[in-house]
Amino acid sequence: MTSENFQLNTAAVDGRTIFGREAALRALPRWSRRLSVATAIRVVPAIAVLAIVLLWAILPSLFTAVDPNLAVPAQKLEAPSAAHLFGTDYLGRDLLSRVIHGTRESLTGAVIAVAVGLVLGSFIGLVAGSARGITDSLLMRLVDVLLSIPAFLLAVTVVVVLGFSTTNAAIAVGLSSVATFARLIRSEVLRVSASQYVEAAVSGGVGYWSILGRHILPNSLNSALALVALQLGMAILWIASLSFLGFGAQPPNPEWGLLVSEGRDFLGSGFWMTLFPGLAIVLVVISFNTIGHVIREKSAQ
Amino acid sequence: MTGTVAALHPALRVTDLSVSYLTRGTRIDAVRGVSFDVEAGQTIAIVGESGSGKTTTGQAIIGLLAKNARVESGKVELEGTDILGAPAATLGDVRGSRIALIPQDPTVSLNPLRRVGVQIAEVFRLHGTVPKEQWKPRTIELLERVGFTDARKQVSAYPHELSGGQRQRVLIAIAIANSPSVIIADEPTSGLDVTVQRRTLDLLDELQRELGTAIVHVTHDLAVASDRSDTIAVLRHGQVVEFGRTAAVIAAPRSDYARHLLSSAPSLQVSDRVPRSDPAHPAEIVLEVSGLAKEFPGHVGSPSFLAVNDVSFSVPRGSTLSIVGESGSGKSTTARLLTRLIQPTSGRITLLGRDYTEKSERQFRHRRVAIQVVYQNPFASLDPKLTVGQIIEEPLKALSELKRTQRLASVSDILDAVALPQDFLKRPPRELSGGQRQRVAIARALVLRPDVVVLDEPISALDASVQGQILDLLESLQQDFGSSYVFISHDLAVVRRISDHVVVLNKGRVVEQGPAEAIFTRPQSDYTRDLLAAVPGGGKRAAAAAG
Amino acid sequence: MLIRKKAAIAAAAILALSATGCAASVSAGTSSDSSNSRYGGTLTFLDPVAYTAFNVTNTLWSNSNVVPQLVDRLTYQDAKTGKIEPWLASSWDVSSDGLTYTFHLRKGVTFSDGTQLDAQVVKDNYDQHGLGDKAKGIAADSFFTGYVKSTVVDPSTVSITLSKPDAGFLQVTSIYRSGIVAKSTLEKDWNAQGQLDNLVGSGPFKVKSHDANNTTITLERRDDYDWAPQGFAHQGKAYLKEIVYKTVAEDSVRMGSVKSGQAQIARNILPTDEAALKSAGITVNSYSVQGEVNHLGINLNSKFVDNENVRLALQAATNRQELRDTVLSDSYGVAKSVLPQADHNFTDQSSYLQYDQAKAEKLLADAGFTKGSDGFLQKDGNTLGFTIYVAPYYQTSKKLLQLLSQEWGKVGVQLTVKEVDSGTYSTKILSADTAFNQTQWSRADADVLRTAFGSEYGFANKVANPELDKLLQSQAEAGTPDARQKIVTDIQKYLLEHALEIPLYDETQVFALAKTVNGFATEPVARAELYDTWLSK
Amino acid sequence: MARYIAARVFQAIAVLWAAYTVAFIFLSVLPSDPISIRINAPDSGLTEADGVRLREYYGLDKPIILQYFVRLAGIFSGDLGFSLVRGTPVRSMIAAALPPTVQLSIAGLIVGLVLGGALAVAASYARFPSLKHFLQGIPPLFAAVPTFLLGIFFIQIFAFNLNLVPAVDDGSFEGLIGPALTLGIGISPSLAQVLLASLEQTKGDAFVDVVLAKGAGSGFTFWHHVIRNAILPWLTLLGLTFGELLAGSIVIETVFSRDGLGRITEGAVAAQDLPVIQAVVLLISALYVAVNLVIDLLYPVIDPRIRLGGAPIRLKRRASLTPAKATS
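Protein sequences appear in the order of chains R, S, Y and Z. All residue numbers for the first sequence refer to my numbering, where the first residue is 1 and numbers rise by one. All residue numbers for the second sequence refer to my numbering, where the first residue is 302 and numbers rise by one. All residue numbers for the third sequence refer to my numbering, where the first residue is 849 and numbers rise by one. All residue numbers for the fourth sequence refer to my numbering, where the first residue is 1386 and numbers rise by one.
Careful: at least some of the hints might be erroneous.
Listed next, the in silico DSS-like pairs over lysine-lysine satisfying Cα-Cα at most 30 angstroms (straight line) [what the hints assert, rightly or not]: (1) Y:Lys1056 to Y:Lys984; (2) Z:Lys1588 to S:Lys376; (3) Y:Lys1207 to R:Lys76; (4) Y:Lys982 to Y:Lys1276; (5) Y:Lys1310 to Y:Lys1341; (6) Y:Lys1126 to R:Lys76; (7) Y:Lys928 to Y:Lys1334; (8) Y:Lys984 to Z:Lys1517; (9) Y:Lys971 to Y:Lys984; (10) R:Lys76 to Y:Lys1258; (11) Y:Lys1266 to Y:Lys1219; (12) R:Lys298 to S:Lys686; (13) S:Lys433 to Z:Lys1517; (14) R:Lys298 to S:Lys368; (15) Y:Lys931 to Y:Lys1012; (16) Z:Lys1517 to S:Lys437; (17) R:Lys298 to S:Lys727; (18) Y:Lys1031 to Y:Lys971; (19) Z:Lys1447 to Y:Lys982; (20) Y:Lys1266 to R:Lys76; (21) Y:Lys928 to Y:Lys1036; (22) R:Lys298 to Z:Lys1517; (23) Z:Lys1517 to Y:Lys1276; (24) Y:Lys1266 to Y:Lys1210; (25) Z:Lys1517 to S:Lys368; (26) Y:Lys931 to Y:Lys997; (27) Z:Lys1588 to S:Lys368; (28) R:Lys298 to Z:Lys1588; (29) Y:Lys1126 to Y:Lys928; (30) Y:Lys1036 to Y:Lys1056.
What the hints contain is simulated information worked out from the structure, not anything from laboratory work.
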């Protein structure tokens, strides 16, 4: 018998030839399969933006020495200049400093929102996907109910019940994304549970919880991670929208959504108050979305 | 060779064809300098394993290369005219009228949203060969021609309402609608059951005789090629390594690679297998099944479905029992019942003398040490997140009392047994080839030294040259470990080579069962005889040509 | 957000200015200035607040730019002089004990449903205002606390009896929430009265159409209207043919719409937008709202503020000039008393309201506060800190309170600003934990102070103060205007001496008027009075 | 078939009942009530005693559980009660608010479909990789711009600077342009991304090669085969987009001063106008459930592979991974 080397370099190609896709994926260096140039062009700026923003959140004083809440009435509504790169607001506060110091609250809000959605949603999704049967049906009907109330309406209602603050807005946004997470996790659990390697593990005598921990969760991770990144971006937008409606962060905390909603009163007299915090939101959301999409594309391959 | 034109120009002449793919900045040469001629009424088989470039060759001829493919050089002359790299308008005129395609997988090759009649009539519409009012009658005629008995009704069927074989017939009807000079058939039957495969290929032969079409038959199956072609080109790494009259190639291949391919392809030749069970000294029965049935509830409004109906057999220690059948015969359901991944509706399964039919998973779990399973698709059965070592170790962790060092020793031993290098332990499955993965799957099943291993089509997803190696491995492991095998397969040639006892299933019922040699040499049922007759191989056409 | 700003005053100078402006533009434009050419046209009025139920009794400020066009009152108050003049009542007598008011009604007044104004319908109106109607779910109006009954003397004479003298009562009969409506309206219950279709008054306009949510309301002129008070600039029917009210919450959109000519009048112009509007050729008119100044009310049950020294210190720590200059505009007056400068009972008390950081610090030190490690003062381990809620009624509240927080912070007082929904707000400001709330009562009569601070009403300080009650009551019973003025001055002094409120600024309404708008006026509390308004072509 | 529809309708009603209950529970834990809000408004002149009377008048003094059933019974009899803030019957408020919102939603949906569709097709068939990448980059950008910001800029530019459209809704067609564009741009990213993915996948499907092999040109292939298959995922997405449309209207109607469900929702929530909020939640849920029911019933019509009573009916929703687009 000859050895198997006839086949060695066909690694990673599906056993059968697929019309039109033959040989396409062979023999690529590992690193290039992980990150193509086109992907890198998208990912690197996104990571750079998030890295800067993360630093702003952790060490804001490293980037600006100005107190974000110090009002200097004599300098109110000054246009961007060397002294105030982003200009000043209606009380004469330095807008750059406010944007930088607002990062922590904005990001924390997004993280809380996603954490709430992820934890509750994963719990429901895991239980539903694992238990099947009547429990699954009941939980999924609950999810249907949550879905049938448009998420933003739900968030608005919840934030009024909880009271206005970034944390509460974040919890509200998180609660309204529970259904999305629950559905994703459930479908992932079902998908992975139906896979042959889980069947193989069952045959190998592996217990349910081990299968859950060793196979189902790790293999659902990419999809969940992609959704987490997308939801982080969405949470920032939603929290900003709640602030816009007046249901969000508390003054004088310079949360981004609050900054934009304050700025809209000054579109005529100080457009920079809307522009810069708005730009911060857009850049961070795009970055999160890009990373989410790339994770999803990677996991789809 | 008839006709003067044909004498001047072959129906198809491919000269020095080279195609490369550009994938993320890396160039891969998929086809390198391939040349061949096909005369009218003749068939050339392009044979090769996955990655050999055979499909790319077919695509290049009809101008349907993937976006990232580039023709490096060559000519494709269709009756004397070079169509390689022709403008889209020219290609549009030629395709469907003078050169046609029969694709690989009939289940995905028809637009699911349009009626089949419309899809056939499109060929008339695009080429204006048939006046509009004639579309429907001509379509029905074509359907009848490819063997539809109720063409008037089926012309307005949607693809999903037809079986795989019927769909392939529709695709053949599309291909022959304008009586092309050349047909590219890309693995036209690889997804079909053997009996359907035979009927389909017979139809193609018949139409070829009638229309005088030249056929380029792309296939991985040397047996099919030997039956259905006049000449053979064997491709490897994009190059023709063997070319010649089919009979000659089959009888005396010149290249090592072709020889290797031929030797590893199982066929219905008499098995040299030494029977593992001696009727004179009956061995212990490790697994016994009686009256097994499985009923699946129907969806709303449709009746329930009996996938397995009254199946009984027994497996002696150290022997191999094969369950054969076509798709839908219930063989895979039986495998799942045996490994208790689903519960039977009725019947008994006795493992090592203990009935476990009604035991709960919790009670049964520790008994799984005695029965393990190997799946068909090694790409789906290994968790991509784990390393090879972790995958193999997993059943040990779950079912044995061994300490970690002992487990690692066991894993290492079994890796040797399946002939994989030790450094694979730390590698993820995605870095392994299909054959290597299947070895890992086998190692995982055998690491517990089970009494029974259920092998569910363990080699059908692999290339021919690898199939033989895996079969050899399985046989040698059986000798070393003494496990009993329940071997599920649709491939009679493979079954003959490996089995002691054969169970033939059709529509959930046992058609017949008995010792392997008896089944193959003296089949009792028509169904089994049909199955056997449909198995390709033996160079039918070559023999006919010679005769 | 309900936003309320008011108005009235002073309009003298401003009106004169705008009138000349208009005259100039008209003469430059079309041919003649004959008053006939003033008739006609549709005016679009943009209001920031959502209109609530249109009940006349207890109607809220939010609707009050619409209601005055629809209902007339018994009397008319001149915005400039504060004098009460005839309207639906052509004359009246007050009994010598000040307890009985007899009104002689004007003849020939009809409601928009064609019914006649008579003594009975006036009695029914006043009974509802003064007594409420439990069966219909209608509560009495607190302006009518001394109301006993009305009596029909003859078809055109009605007399009203009070339980005690009330110098401000006659003014009450002039305010928009004392409007006289037709019998058909009065017969309806609370819900039905709140619906605009059911509001039938005798005003110069009537409801033409409105959508179910009252975000667009169209009024049309009553051509038979002929009972305007003498204080109006003309008589007979109104100039405008139609008025369209639209609710537009976005400040920038209201401003932009007037700028681009898509609307003619916008209410509530942000201080920061005034300059831009003026430079775009838009008339920006401000009207001081009579009543109280915009101020911080103080709940004396709260911690720290029960100490008068603390209150006086906060009074001194409040830099009103800075607040006005930073958050507001020149249209707003810096508060110089508890009454705005435009009020006819105003006396300048600015000596109590000087910004003096050193004084504040000394007062707090005297009160026993010492600086803690966080920079804020403390006593017995308690930080001198307060939470204040952004008042949903004032669009500048959030900005102003943030700056105030910084001002107080300079003397070591921690002021935390919080924003809540209007529901939560209404419960928070009742709580004893909430020491301050930004508020203002508007009514063009000094009696407003009695309504605000008198213990028989809401009493702002939440702690009964017999001394203050006595002053407030004697003001209501004062025989002559001069005597009353003296008492009102004492009240102003008393309130500031004890720092029972912290005045901020003179409440002001700012309107943006397109160039084409002429003759725009407001009544004493700065509600638009569109009877005299006309559009130049 | 009939049984299936009956089951789905029953399920829909159950969802609605649950939505009503959820909304009721939410609102009953609110810290205040509209009567308090009214009393405590600076100008109200009402006392606590008046409040007691008003609460009695509105039935707000009854036990919470009784209020729950009274309201529920009211809904069945079509009586949605009165707005506590405006005094108008909730039914007429909703009846007036629904048409503009539906109008806006449909216009926004059309904009979204056209824009999303055009972006996806253009990106899918772009000849140059750089153009393709550029086009692919547009949906994420759209998805990252808060709707309210977009709306404000729209008004500034088109209404005020260019004076092309009215800034305040006047019922005209021009008045619909700004809000519909804003809403459409808001929902277009998910539509574009799903269609693009679907197009790319369908173009790689084996049957497309067969069509090309018949001699079809790319235009014929696209219109007769690719687009019909590629558009199927949109159907599922439509049901979810519907929720986004309604939620988007909350912000957009406020920005553009349009009447509609979104605006009364915002006002009602801020003023805790219970009957209105409940009616809105119920109505929106009912619409959502109805739209999704129709979509489920539509599947077999559009896709012959799905037959009621036969193959699995409930296609797995792509809910989980719908590209993120805030309805903000």
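Evaluation of the provided hints:
1. Y:Lys1056 to Y:Lys984: holds, 26 angstroms
2. Z:Lys1588 to S:Lys376: With a Cα-Cα distance of about 27 angstroms, the restraint between Lys1588 (chain Z) and Lys376 (chain S) holds, given a limit of 30 angstroms.
3. Y:Lys1207 to R:Lys76: holds, 27 angstroms
4. Y:Lys982 to Y:Lys1276: holds, 28 angstroms
5. Y:Lys1310 to Y:Lys1341: holds, 20 angstroms
6. Y:Lys1126 to R:Lys76: holds, 20 angstroms
7. Y:Lys928 to Y:Lys1334: holds, 20 angstroms
8. Y:Lys984 to Z:Lys1517: Violated - the C-alpha atoms of Lys1517 (chain Z) and Lys984 (chain Y) are around 68 angstroms apart, more than 30 angstroms.
9. Y:Lys971 to Y:Lys984: With a Cα-Cα distance of about 17 angstroms, the restraint between Lys971 (chain Y) and Lys984 (chain Y) holds, given a limit of 30 angstroms.
10. R:Lys76 to Y:Lys1258: This hinted pair holds, its Cα atoms lying about 19 angstroms apart.
11. Y:Lys1266 to Y:Lys1219: Given pair Lys1266 (chain Y), Lys1219 (chain Y) holds - Cα atoms ~24 angstroms apart, limit 30 angstroms.
12. R:Lys298 to S:Lys686: holds, 14 angstroms
13. S:Lys433 to Z:Lys1517: violated, 39 angstroms
14. R:Lys298 to S:Lys368: Answer holds: Lys298 (chain R) to Lys368 (chain S) is near 21 angstroms, not above 30 angstroms.
15. Y:Lys931 to Y:Lys1012: holds, 22 angstroms
16. Z:Lys1517 to S:Lys437: Answer violated: Lys1517 (chain Z) to Lys437 (chain S) is near 41 angstroms, above 30 angstroms.
17. R:Lys298 to S:Lys727: holds, 22 angstroms
18. Y:Lys1031 to Y:Lys971: At roughly 11 angstroms apart (the allowed maximum being 30 angstroms), Lys971 (chain Y) and Lys1031 (chain Y) satisfy the hint.
19. Z:Lys1447 to Y:Lys982: holds, 18 angstroms
20. Y:Lys1266 to R:Lys76: Holds, at about 22 angstroms.
21. Y:Lys928 to Y:Lys1036: violated, 37 angstroms
22. R:Lys298 to Z:Lys1517: Roughly 19 angstroms separates the two Cα atoms, so the pair holds.
23. Z:Lys1517 to Y:Lys1276: Given pair Lys1517 (chain Z), Lys1276 (chain Y) is violated - Cα atoms ~56 angstroms apart, limit 30 angstroms.
24. Y:Lys1266 to Y:Lys1210: holds, 28 angstroms
25. Z:Lys1517 to S:Lys368: OK: Lys1517 (chain Z) and Lys368 (chain S) at ~14 angstroms, within 30 angstroms.
26. Y:Lys931 to Y:Lys997: Between Lys931 (chain Y) and Lys997 (chain Y) the Cα gap is close to 25 angstroms, so the pair holds against 30 angstroms.
27. Z:Lys1588 to S:Lys368: Holds, at roughly 11 angstroms.
28. R:Lys298 to Z:Lys1588: holds, 20 angstroms
29. Y:Lys1126 to Y:Lys928: holds, 25 angstroms
30. Y:Lys1036 to Y:Lys1056: Answer holds: Lys1036 (chain Y) to Lys1056 (chain Y) is near 20 angstroms, not above 30 angstroms.
Of the hints listed earlier, those the structure fails to meet are numbers 8, 13, 16, 21, 23, in rising order.
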